[in-house]
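Participant: Sequence:
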Amino acid sequence: ELSAPEEPLPAAPAGFLQQLPSYRSALRRRGPRELRGAQTRAALPEGAEQAARPARELPLSIAEKRTDCQQADIKYLSGWKQWKRASSKSLRKFLNDVKELLSYMELWRHDIHSIEGKFGTGIQSYFSFLRFLVLLNFIIFLLMFGFVTLPSIISKYGVFNSSFTKIPPKNIEPHCTVYKPSGNQGLVYFYTYLKDLLSGTGFLEVTSLFYGYYTVDDVWLGVLRYNLPLAYLLATFAYLALSLLWIIKRSVEGFKQNLVHDEDQFQSYCNKVFAGWDFCITDPNAAQLKHRSLQYELKTDLEEERTKQKIADRTMKEKLRIYSLRIFINIIVIAVLSGCFYSIYKATVFSQKNSNVSVRRDIRTDSANLLVQYLPSIVITLANFIAPQIFSFLIGFEDYSPAFEIRVTLMRCIFVRLANIGVLLFSLWSQISSCATDECKACGYNYELYPCWESQVGQEMYKLMIFDFIIIIAVTLFVDFPRKLLVTHCSCKLVQWCGLQEFGISDNVLEIVYGQTICWIGTFFSPLLPAIATIKYFIIFYIKKISLIHTRKPAAKPIRASSSNFFFLVVLLIGLVLAFIPLGISIAHIPSSKACGPFRNFNTSWAVVPATVLEFPISLQQVLYGIASEAFAVPFFMVICLVMFYFIALAGAHKRVVEQLREQLAMVRFDPLSFL
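Under the working numbering, the sequence shown has 529 at position 547, and the numbering climbs by one with no breaks.
I should point out that these hints are in silico values taken from the structure, not numbers from a laboratory.
Some hints could be false.
Capping the alpha-carbon separation at 25 Å, the derived lysine-lysine pairs in DSS-like fashion look like this [as the list claims (entries may be wrong)]:
| hint | residue 1 | residue 2 |
| --- | --- | --- |
| 1 | 162 | 423 |
| 2 | 335 | 423 |
| 3 | 301 | 254 |
| 4 | 527 | 100 |
| 5 | 177 | 328 |
| 6 | 231 | 81 |
| 7 | 100 | 254 |
| 8 | 254 | 71 |
| 9 | 535 | 100 |
| 10 | 527 | 466 |
| 11 | 71 | 81 |
| 12 | 63 | 75 |
| 13 | 466 | 535 |
| 14 | 301 | 290 |
| 15 | 231 | 535 |
| 16 | 100 | 466 |
| 17 | 162 | 281 |
| 18 | 299 | 281 |
What follows is a set of in silico ranges between Cβ atoms, one per label pair, in the way DEER data are often shown [claimed, not checked]:
| hint | residue 1 | residue 2 | range |
| --- | --- | --- | --- |
| 19 | 637 | 586 | 43 to 51 Å |
| 20 | 76 | 216 | 32 to 40 Å |
| 21 | 484 | 636 | 36 to 44 Å |
| 22 | 387 | 477 | 26 to 34 Å |
| 23 | 61 | 141 | 48 to 56 Å |
| 24 | 212 | 277 | 53 to 61 Å |
| 25 | 141 | 637 | 56 to 64 Å |
| 26 | 155 | 387 | 54 to 62 Å |
For every residue, glycine included, the Cβ atom is placed at its ideal position computed from N, Cα and C.
The whole structure should be built from the sequences, with the hints applied where relevant.
Facilitator: Here it is in structure tokens:
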């Protein structure tokens, strides 16, 4: 017997669904505004309910929902506010278009994206850092050229109806004002120009490249007076401040990323297993390398855990043995550093005493003289190469964890590279300040050996930069390429075991930070040195790119891109801070040359500032003196300390809140009742 077909049950009314406890609970979690909106919609008639529903519940696309919301908001605005909102929207769209256009004009955009796709974000961060230094040096060059070099040139050639004045030195012994640059006279051979180009002497010494060229005191453009000594000093402060602020700005961004990645070991394992892959990689070899990298990181984490357990299980006897061994190794490290510093000091003294000896000029004597002039640069380069090798060998005996080993080795390498520059400058200052006669003491410096000591310091910085560039090119051409050919075409087991040289990111970063520190120090003594640094780093970019693709292989132990960006900038910041010290001593302590440069009428370079302040109106002088007095400085320092303590306390409170939220998140994650 067939039964009659069952009629379909009517759909539950919308009001019934909205009365369910789950729906009401969801509204409460969303907030009281949603709950009130639901009550209002329930009170509306059926035709008006569709219009009162929130945008996210409407069956429309995102673009349609956005358009409806904007139109609904505009209906209730006045004409002025509607125009203001439309103008703001147009301006925002214009700025986004300009930003997108500038991104297409970004230097090496395609090259860096290609490197990122083939070798990952770790190596890409090095080339992005190199691009940052190119832009930084170019801006420093524009600053020095625009405010120092260009006014001197246009005043000397009378461009724009300009003129200049030179004020003769007053109350200075006549023998202190004698300066005869070693310019080339008569018939000059080609190799002499080459020697001058490499050493910064001869025809280069009298150009705008070095400090001694800028002998103008005032530049006049009609009735406008341009104080060149003050502009020279302020431009120096400006490029140092610009570098500091730019580096800090980029470092803060990297520090935020570092805080995000500062997780516990469980989170670290989860991130490596589930989120450790770099999806920018498209090259199969780079993908295989990334596999090995993740495997190495997991092994390193396990080794870290074993090391922590090993440290916790050490007996008192083992601790005494380890600490005694570390003290002994650190004594060896100090001895190596002392040997490097002493060698640089002796090489600098020998070079300064023997490079200015006048002998019969021929190609052999010029070559020997060039070698003597480059002796400090050669010794510094050898110290930068040998000392890190010794440190890498000794660190294996100190029984640190793998991550701490890398940090200690890098800090030692940073110190030896940057301290070598400081020792070179200290050696030069010891020669400049050594005075044995009353005539020398009257000048305040060794005027016989250094009539224009700022230019000669600039020449030393110039030679360091040129020699560093030559070494980079020579290593690529005469070490990396032959090694690549041997590995490719020779089947010898020893050659295959050695393999290709790794592209070590940390070593390459230390290399360019060393060169940038030289640039920061040398720009005061050689205002156009940033232009040379810009060209140098521009060429180095392509040299390193060719070396990475054709002659080297990525490191088997890469560093994470987020932490590497922060590490690069911290190392660069250390180099900048160390550059402040010699520049501060040169500007404020050592007497300026009386025979050359814009500060020859002042006892020190800093003396131009109080001399300029004395030309201000009396009321402005009193304000400046009040700001510089202790009555203002002490309260200002106290206020700064209070503000700093407030932010430290605020950061501590935020940290505690974050820790509490993490604990609550962990409880939610492990509580099975939280899913009900």
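Participant: Failing hints, ascending?
Facilitator: 3, 8, 15, 17, 18
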